[in-house]
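We have chain A already, so just place chain B on it with the hints.
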Amino acid sequence: MKELKSNYEEELNALKKEYEEFVYIVSHDIKTPMRAIVNIANWIEDDLGSNVDQDILDNFSLLKNRVGRLENMMNALLEISRINSTKMEVYEVNIPKLVNDCVEMLDNRSNVEFHIAYHIKDEKCITLGKKLEKVVFSLLDNAIRFHDKEKKNVTIEVIENDIDYIFSISDDGPGIPEEVQDKIFSIFYTVNSKDVVDTTGAGLTISNRILKVVGGTLEYAPTINKGSLFKFNWPKTISR
Amino acid sequence: MKEIPTTSKEQDRLKALESYSIMDTFPESEYDAITQLASYICGTPIALVSLVDKDRQWFKSSIGLGVEETARDISFCQFTILQDEVYEVNNALENILFADNPLVTGNPDIRFYAGATLKDADGFNLGSLCVIDTVPRILKEEQRKSLKILADQVVLLLELRKRNVDLYNTQKEFQNFIELSKDLVCIANVSGLFHKVNPAFTAVLGYSKEELEGSAFVDFVHPDDLEDTYKEVEKLSLGHKTISFENRYRCKNGEYIVLSWNTSPDPATGNLYCIARDMTVEKQRENEILEVTADLTAILNASEFSMIATELDGTIKEFNRGAEILLGYKAAEVVGKTSPAIFHILDEVIQRSEDLTLELGEKVEPEFETFVIKACKTGLADVNEWTYVRKDGSIFPIQLSVTPIKSVLGDVTGYLGIAKDITKEKEAELNLINSNHLLDESQSIAKTGSWKFDLVTKDLIWSKGNYKIFELDELPANKLFEEYRKLLRPETLTRLDAAIAKSVASGQNFEFLTDIEFSDNRVKYVLTLGQLIKNEFGEVVAAQGSTQDITEKMLVEQNLINSNTLLDESQSIAKIGSWKFDLATTDLVWSKGHYSIFELEELSSDKLFEAYRARIFPADLQILDNIKGDKDFSTNYRILLPDGRIKYIAEIGRPFKNEQGKVIGLKGSIQDITEKTIAERKIKEKSKEVNDIRAALDESSIVTVTDHKGVITFVNENFCSISKYSEHELIGRYHYVDNPEYQLNKFIKNIWSTIASGNVWKGDIKNRAKDGSYYWVNSTIVPFLDNKGKPYQYIAISSDVTDQKLAKENLDNVLVDLEKKNKELDQFAYVVSHDLKAPLRAINNLSEWIVEDMPEMPKMVSDNFGLLRGRVQRMENLINGVLDYSRIGRTEIATEEVNVKLMLHQIAETLVPKNEFEITIAENFPIINEANILLYQVFSNLISNAVKYNDKTHGIIKCYYDSLPNFHQFTITDNGPGIAEEYHLKVFKVFQTIEARDKKESTGIGLSIVQKIIEEKGGSIKIESEENKGASFIFTLPK
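Chains as they are written, first to last, in full-length UniProt numbering: chain A, 1 to 240; chain B, 1 to 1039.
Excised from the complex, chain B in its bound form:
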């Protein structure tokens, strides 16, 4: 950007341009007409009114150019405004200033430019009226002139515009001023109607603008003020102004306010320009002042007040009515003739002057100065009580207030004294004092009495209380005094008379304490208070007063004194000694107490120091050597006595100085603190021990501490972790209160009654943790007793026994289960056997009956019946047997001789199908002593297994017997599928079958029973088998 050439007034020029408020306004036809004309006159396609702003030129009007503004640095007009004439560029391409200007080299291809400066009244060149062409040309002289004229026209338009703006602003300001005015401003027209009103009308009167405008302003005037108002309006119509005319205006709320009007008529229009001010407040203030003034006048004229004004020297200037009445002088007698001093008592004035001398620190003469000096110095009213003397010499108390009178310039020109008779007040004050005395009397506690004594007649009158104190019967007044004196001892009487005499002489009240001894040796202390009574001549004629029996009070005081003495004595018993040491001579002096503590015989002072050091515990000598002798010290050390005892000593000392201030020695005291130290050490040791124990307990046990009410005051971490509560949740709560199982139940009551009576409680407690789970603790609760034997806290030390308790509970459950099952089994066995036997017996009976009923029964049938009964019999035996078996372990089954071979044959007969199996039973089977049923079960199970699992068309079963040294050995062999070795042990487990259950019906329980029976008998069973090669079951029974 090229630098823009400017003049030194550029800033002012820009301000001037701004003041026209023309920039960026809409096009206006007046300006357009001028540019049109310029274009026409100069024959150029383009004409502009260009206003040159800081960085741009803006076209108020433009012809033939489509833009509103261009940058100032490429403008032609920037040069135009630097001079005052028409600036002309004939061919821009030939001008070095513009040859490379983009407006020349590009659109709009300017070649020719001519601009006339727009110079305003203040001489600022605001811009230019310019014409532009795309071809070079030269303006004719007429054209140049025309352009200049037209430019002036543009300036005129601008000036006009500016004036309009100024007017508008002024009006606006004025409007604002009116709007904001607190005064009521209005224009009323010729017909007496409000034409315009400002907002203050609304604010003050309460009417809206609309309500007022168009209304007659007299409509609001108070009827009483109408006449005056009309007069004033008439004056206005004659062209006079109205100034401060007041009338009352009605507000919207019905009240009237006072308005003060300034109005001027416009002679041209007849309009009235009015300003009114609300005078209500001013009026009120004025009224107040009036009232105050009236009050003041009333006061001034009131007769109770004496007012005396004086000159500076005290000469009375004014003497009001009140002063005349109070003092008995006429104003004429005193004004200009005397100072107020004549109304005063000289003594009072002297006294006051002396007081003031002291107070102010400068000599005050007992003259007029005494009355005014303070008021003069402070500039304030000085109030004092004085006594005034009337003309007739009588006196009365007054209160005098003195004020300096000042001129307008602040100079004191005189004094004003205002006095008020305070006789009545004084009387009242006195009365008050008297009634207070009365009150005091009546308030005094019992054992008081009152008395009155006539000094002239010696008559003494006592109240009943008084008789009671002195323990006399009522007596006539003339005899009582004598009787009273008889009670007192001679020396007491002397004191009494002296006291009375002193009181009479001084006019003071008297106080007299005496002790009275009664015939029975009792002593009473009696305090007598008395007051003198004067007659009208001021002579003491009588005394009255009160008496009080203060014996008890005295006794209490005596006791107090006694106990203090006792305290002193007991303090002296303490093991304390004192010493004094001379630094120069090392002389040491001890008190007796010191010697007795150190257990030394008294020694001369020059030898004592050595002896002292010899007593010190050797290791503690260092302590003493470290003491600095120049200031107070306090130390502890030990002494070692010859018999090896050790004492602990506390010593304090301080240096003392000679007259020159030099330290010459030390003195101090010692105390035997052996007992204290040992006790302290023991306490320390004990507390450490206790802490250790406590720490150990904390570590190992659950510890809780409660106060005497059971409120938890301490819990250790173990308790928190077992109860799952945090410490802060527990502290302050009642132990067990959250445990419904224990709340107030017998168990807890029992604990409490045990521990509350001071005994230790031990036992298991079931507690509930925060999460609702229960836990058991084995607790020992120890009550801690205070010195009265009452528990002040309880400590519970517990250990977690939940696991044990649960285990026990489980065990109990198992035991219960066990018992139940046992019973169940018994019952089941019984029911089964019983119920199974019933039909068996029926079958047996029926078959017998049938045989009996049929004598001619065929042999075959009767044989079958026999067979049937045999089976029934066997079955019954079996049932009994298994019943018995079911009780193995609980009931022993009786053994009997069993023919094993026979048994095997029976089993084979019932279990082994004859046409499919071949069974061989060895001949050597013995007869053994065994439980028949059990053996039967063993064999029948083994043989039935051999039959059941046999997979061959021709099954072979063989039974052998071997006699071993201590055992019978039995072997049952089959040719079945055999048992793989891995199953040899498994088959004896309950419910183990090798093949699937649905293939062969078997619960797998048989072999386990067999094993159980054999093992219970003390034998064993094993299998010898290979798969597909049959199996041998071999078992032994002890012989």
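This is chain A alone, in the form it adopts within the complex:
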């Protein structure tokens, strides 16, 4: 029985390793031809100059866009493969400041009104700051990026309890259709075609994996006005 069990455990570990390897291979080995494609596209652009038909220019910019997208996806994979190995520094984070920094970093925040509320005793927390920043930023970025209205409201709420900081980030955007809610954490998944909103579809995957690493969970729930609410708990002590 025990032997059997350890066999299974071995297998499981092997599988986990395989997963890591897979991501590694995809992100590293395929990176080489990827770079070549990027470089060649740049050369062609230089050589073509601007005195060509608009059609061709349009097609080429489309091509460049796809190259860019591919590169982004590769980078996302690379990031996933590195979740466990990079930016693991634990340092003191001021939570409101971290949230503010994330907001500052956002593009296209001109029409966004942020509603921020803290219910925390201790603003300071010693944790994996970069990872937390990545998650908060990804969720905020999503909230704005997929927003379909001119005027956007994004609400950020942080509640502290004995063991966690609970972050709730909600918007009054289009929300996520119920039938695809279980797919949103899959890598490269986007609700709409990537041509509608340009994105790799890896943000939630990365955030979710980060939370798995720190021992928290990320959940989605629709808000009352059918917007999106992402809620995650960030443990005060990272279990590793």
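Hints are not guaranteed to be accurate.
[Said to hold, decoys possible] Quick list of simulated restraints, FRET-style, between CB atoms:
1) GLN906/B with PRO96/A: 49 to 59 Å
2) ASN39/A with GLU1027/B: 27 to 37 Å
3) VAL191/A with VAL816/B: 26 to 36 Å
4) ASP853/B with ASN39/A: 15 to 25 Å
5) ILE238/A with VAL816/B: 21 to 31 Å
6) PRO96/A with SER726/B: 27 to 37 Å
7) VAL180/A with VAL816/B: 17 to 27 Å
8) VAL180/A with SER726/B: 55 to 65 Å
9) ASP853/B with ILE238/A: 53 to 63 Å
10) MET105/A with GLU1027/B: 37 to 47 Å
11) GLU1027/B with ILE238/A: 32 to 42 Å
12) ASP853/B with MET105/A: 39 to 49 Å
13) LEU106/A with VAL816/B: 35 to 45 Å
Derived from the structure by calculation, the hints contain no laboratory data.
Glycine included, C-beta positions come from ideal geometry on N, C-alpha and C.
Frame of chain A, contents of chain B only:
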């Protein structure tokens, strides 16, 4: 301390001193005046009134000396009181008694002392009046006399004081007495007002002292008694005393009580000194006595009671009205003339005298003595029932109570007989008896009937019940008797007639049991009870009674008798034998049963003993030899039969004696207890076996026993330790009842239905321990069946399988995890490949379109597009490849011919920067059959590592090939920093990089993949390197 000189009366003197209560009182001017005078007369600075106590002298008054007392043993006065005159010390220093006295040698430096004794009326010297000086002197005669006079004055003062104290005490006692008196004590003044009242007034009348004092005492007198009271007061005013004057006084609660007054007037003041007593209780008692007396008189005069008082000899002294009425004699006819015997029936008197003779043990003559002897002897009333004979000869029953009349001295002077006519009572008693008969009749169970028979006319009347019993149709009374007799057999008729005749002769009731045979051969048993009826002349004229069908009762009795017989018979079947043994002749006699048990032919009695002993199991002969023949014995032994069988015998015996009391033999019985013994032994063995098994089970397993309802009756230690309950917490509780998971669920129902129907249940059960944790047991539950096949208890034998279960659960979890991860990985791989391919295809398509749209495209641009599509193609292949790789172990990757040299050149082209590195690829690389993508990965990883970690400005990379007997061997060498030997194995572990990660971007996974691929192919990889001298990665693949 010097011994104090005292007289023999010292104790009395001290008591006398104490009686003055003077010690330690405050100074008083009377005494001070005397001391002042003494000091003046004698010309001394100091004068004292000194009272000599047991250990001290205390100064009631002192002049010129600042102290209140001194010790007696240094005092001068201790000597003064030993004599009656003035005691004078002229110069203390010259007196041997005082020369060393501290009062002389020190303060107050006494030189001169003169003291006059204080002698009281009883002659006790209490102390002295003394004068003291610090210089020697001599008193003049006048001074001495004066001192004596003054001393007498002091004594007078003391006596006065004592009298005052005595008076005070007397008054106090008197006051207490008054206060505590239950009688009402008061002083009324001349004007008729209460002056002083004692607390009893409050207690008895309820008024407070304040309410009474100052009120007129006549205000409380009952209006009807006022007149008498005023008269009495008038008498008092004339100086007469009042004794036991009664009047009624009003209490605070409005009730009146009777007070009896004793009052005496004080002629000097006119005050009245009164004592009153509450007479209420006495009055009530008096009334009661009056009432009783009245009742008694009424009784005495009542006509129902005859009262006859006699002299000691029986002569009638008094004959009351009741006696006259009851007996018809006039008092004058009997008083002084006769004894009460004439009122009695002689037979009764004789009977009574005989009874008394027996009772008292002495001869009692049937004379007057018969009536009174018992009352005389006991001194109490003697009550008996008699019959009185009237003057006219008629008789009636009475109850006579005889009491001795005693004089004041206790001598019996006569007797009083009180008689009461009890005719009515007797009648009532008779009626009661009759109704009881009636009741009995009506209470008798069914199958009864009643009848009445006229002896003269022979008319017989039956109740319906009777007809039913005898199964006759109703008949006229004159025919029934005949018909009835026809039912009875001749001999029965004879018995019946005899019974009736006997009853008539004796006057007794009769009882007659008969069996009646009916035409259909049925038999009934009928019990007939009868009672004779007499006419007014006492002649028997008829009989009446009841009949009862007691057939069933008889049958039951018969059955009982039968079964007893059966019991007797069956008892005789028991294997029992008896014997008799003569000690003198050793003759032995056996019953047949004995022979049959011993399986011997009958033998003559002189030979039997020998044969008997020959049968005994040799080892058991000792048992028989040990039997003492002089008392009862009981023993067990074995006998050995010729065929080797053994029988077990229980024998009891007892000695029997001849007429002289000498033991001459033994007799007894034996019983074959072989079967019983064997059965017992088997049971014993079995029970031991069972116990052993049980002990073994207890030791090894978890054992619980429940009754048929599932209530736990036994748990062993193992169960307690696994369930964490104590034994006493478990006993009496339902198994599983505390386990919500199982309560009444299907699983438990299934167990119960299995075991309740008598089957064994086996399986795993999850239980909850006291602390809430769960444990698994593998249980076998065995129902124990009673002789009806119903389970009366269940025994569960279990073993702890929690570890196995948990391990299995864990394994299951791991398996689930494994499956999940597998699926996750598949999905991830699919999504990645699919999603990455989409933009790749778009790039490919777009580049084709652009080339088509631009026919005049410069050569350089179209070449680049070609290059672009080539890279896109390669990338797609790579993606497919890694996808395939990710399934290593699950899907085999197809092998193909690979030109290794070409592959290395391609890799070098894409990975190695041309201007910084020099790469040499050997010419002898073969074409091998291998999975292209895997080989690509191995080489690209190794070469990219060589590039990535190279720290030289001019990097050199060399690729070699060696063909070994069974392997291809490939070597990639660089001129980089090299790898220290300690890391040679470590670098192949996942996530191992030698330098910090931020310095060179690497997750450290590359080499582990390389190793995995090579080892899966059946090859191996190793490093040859020294630090700072470059590194060689050498790997082999099987040919």
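Here is what the structure says about each hint:
no.	hint	result
1	GLN906/B with PRO96/A: 49 to 59 Å	53 Å, holds
2	ASN39/A with GLU1027/B: 27 to 37 Å	36 Å, holds
3	VAL191/A with VAL816/B: 26 to 36 Å	30 Å, holds
4	ASP853/B with ASN39/A: 15 to 25 Å	23 Å, holds
5	ILE238/A with VAL816/B: 21 to 31 Å	26 Å, holds
6	PRO96/A with SER726/B: 27 to 37 Å	57 Å, violated
7	VAL180/A with VAL816/B: 17 to 27 Å	26 Å, holds
8	VAL180/A with SER726/B: 55 to 65 Å	58 Å, holds
9	ASP853/B with ILE238/A: 53 to 63 Å	55 Å, holds
10	MET105/A with GLU1027/B: 37 to 47 Å	44 Å, holds
11	GLU1027/B with ILE238/A: 32 to 42 Å	36 Å, holds
12	ASP853/B with MET105/A: 39 to 49 Å	40 Å, holds
13	LEU106/A with VAL816/B: 35 to 45 Å	40 Å, holds
Hint compliance for this structure: hint 6 alone is broken.
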